Amino acid sequence: MTLNLLPRLILLFLLALLVILLGLLLGSVSLPPEAFFALLTGQGTPLHTTLILELRLPRVLAAFATGGLLAIAGALMQVLLRNPLADPYVLGLSGGAAVAALLAMLAGLGMFWVSSAAFAGALFSTLLVFGLAYGSGQGSATRLLLTGVVIASGWGALISFLLATSQAHQLPGMLYWLMGDLSHAPSSVIPWLVLLVVLLALIPLGRTLNVLARGTLQAAALGVAVQQVELIIFGLAALLTAIAVTLAGSIGFVGLIVPHLMRMVFGYDQRILLPASALAGGSLLVLADTLARIVIAPQQLPVGVITALLGVPVFLLLLYRSNRQ
Amino acid sequence: MRPTHFIFFLLLVFSVLTLINKALATVKLTDATGQELKLAETAKRIISLSPHITENLFEIGAGDLIAGTVEFSDYPEAAKQIPLIGGYEQLDIEAILALEPDLIIAWHSGNPLAQVERLAGLGIPVYFTEPRNFSAISHELRQFGQLTGKNLKAEKAARTFEQTLHQLKSTYANQQPVKVFYQVWEQPLMTINGEHFISQALNICGGENIFAELSQLVPVISRETVLAHNPEVIMGGGMGEATPAWLNNWKKFKSLQAVKNNRLYFIPPSLVQRPTVRFLQGTQIMCEKLQAARNQRVTSHK
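Read top to bottom, the protein sequences are chains A and B. Residue 275 in the numbering used here is what sits at position 275 of the first sequence, and the numbering runs on without skipping anything. Residue 167 in the numbering used here is what sits at position 167 of the second sequence, and the numbering runs on without skipping anything.
Please keep in mind that the hints were generated in silico from the structure rather than gathered at the bench. Keep in mind that this is a model prediction, so the values were computed, not measured. Honestly, I wouldn't trust all of these hints.
Which residues of chain B face chain A? A few of them, derived with a C-beta cut under 8 Å, are [said to hold, decoys possible]:
#1 F6
#2 V27
#3 E155
#4 W185
#5 L189
#6 L217
#7 V298
All residues carry an ideal CB built from backbone N, CA and C; glycine is no exception.
Kindly generate the complete structure, drawing on both the sequences and the hints.
Okay, here's the thing in structure tokens:
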């Protein structure tokens, strides 16, 4: 089985490389491919060097990391909650991050503080949901899901309130954040480090995850310390999502659909599914962001607009084909 | 009746008639939407539905006639004492009615039309403003003069405005053009197109907005395009009156002419965000900055 899937994984990896290359080549300023080769040999013009190395490269890398983080977080949430509709934001994490980020914007703070506030808000919301769901000692995935959904609605109401009461000139910034926008992703290695470390850390957990996905009773019967593992998964997913939100605001769809897509292609083994989701999520977001940059260039779209437009037809196609088989 | 008596009588009738005539329709004018407005007498209790309207009313000495205004009406200082009736995009209709206004001055593209029409339906006269260019500002000052009976002061303010404008135009408009990138927002990166007031101000200064051709008034654009256009000057405002950090963010792009020659300029946003007399102060600052860039160009070529 695993041997059978390896070529597909390699293909996915090559696809990811191709998409990253595309993201470097395309932009609102069109560059000839020669310019790119000149750059590789160190003979690029200053403008081309700035465009590719200072603007596009950090953005493409941030997009890939964000997509990867969200896709893994989504896959983990779907295992944890055993619910196909689960995504990284289902437990109110993006809502907490959004409220904190919007408040920082209203206070007129710079992007560094907006990102920091988003991270803090995400963690606060996670702790809140976790405390409420498991505080009484009698925690369960259903209780966690319900608590999360209700808290998420609460955040949603606060977001509407902030949008309704803020000044018109602040709205575009807020809406772009809420739709997910990579133009201000800080260039940092942390997201990539976290992505790799989590993927490695999940390898020994792979079997446990596979068992857990079948249900808590079976998992407990097979000797899995269910509560403990659930806690680890929840913590990891929250951390991954919080970092993604810090990079690019709340980008929907990737965390929900990419794990499902990968399940149709790779089956249910979490040891393959998680790395595949990371690759596919990263590629999808890089592709979406590249399109967001060029579709109506020089004007720009928030990436969240494109992710769903790209993902929906691909998902429906695969669903249709897997039904026929 | 003796002839002298008759003449006296005629004079009396004449003066009574003029008084009646004055009382019937003293104000009659057409607003920015082409709608004709008739007021029996000049307005005494005005509701101003935009900070720029409040500012222009104060400019012609009619500030004390404003019974209510919207949030952010912060100039001049006295404007802050006027009772508020909501924000310009969300009006409190009950509060407006409670102030018993005899005229509402509305901003056509800024206020919610449904709410303003509701007020008009209740029998309150509505005058719409929509200043889109500099001549509309002086026109608006004169119209406000007629509405409030402050014609003389309004005419004076309008004249001063037109003279200053003419002076700026004749000094700068035909100078060598300077390529300008004007940034209004950082996250997302936003600029203005050619129709925008600020872009018109740049034209008066002999500046050339690199994004004048875009169709949206305040479009979101990519940093790449700015680098490719390689503007000679980068200008912008921001939220507060302090130099915003993002103006400095450009400094890492050393290939930009504007960065190389250190031509990053801060324009106080309060001077260029409203179509009022203060906009000329903002324009004056822009013109001086562009002229500095021009002079630097001349000396560096020598």
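Query raised in the report: Can we keep the F6 of chain B interface hint, with Cβ of chain A closer than 8 Å?
Result: violated, 66 Å
**Report entry** Supplied contact hint for W185 of chain B, tested at 8 Å Cβ to chain A
**Finding:** holds, 7 Å
Query raised in the report: Taking the least C-beta to C-beta distance, is L189 of chain B closer than 8 Å to chain A?
Result: holds, 7 Å
Query - Given hint V298 of chain B near chain A, where the shortest CB pair must fall under 8 Å - result: violated, 25 Å
Query raised in the report: Any CB of chain A closer than 8 Å to the CB of E155 of chain B?
Result: violated, 33 Å
Query raised in the report: At a threshold of 8 Å, is the proposed contact between L217 of chain B and chain A supported by beta-carbon distances?
Result: violated, 12 Å
Query raised in the report: Was the hint right that V27 of chain B lines chain A, CB cutoff 8 Å?
Result: violated, 32 Å
The structure shown violates the earlier hints numbered 1, 2, 3, 6, 7.
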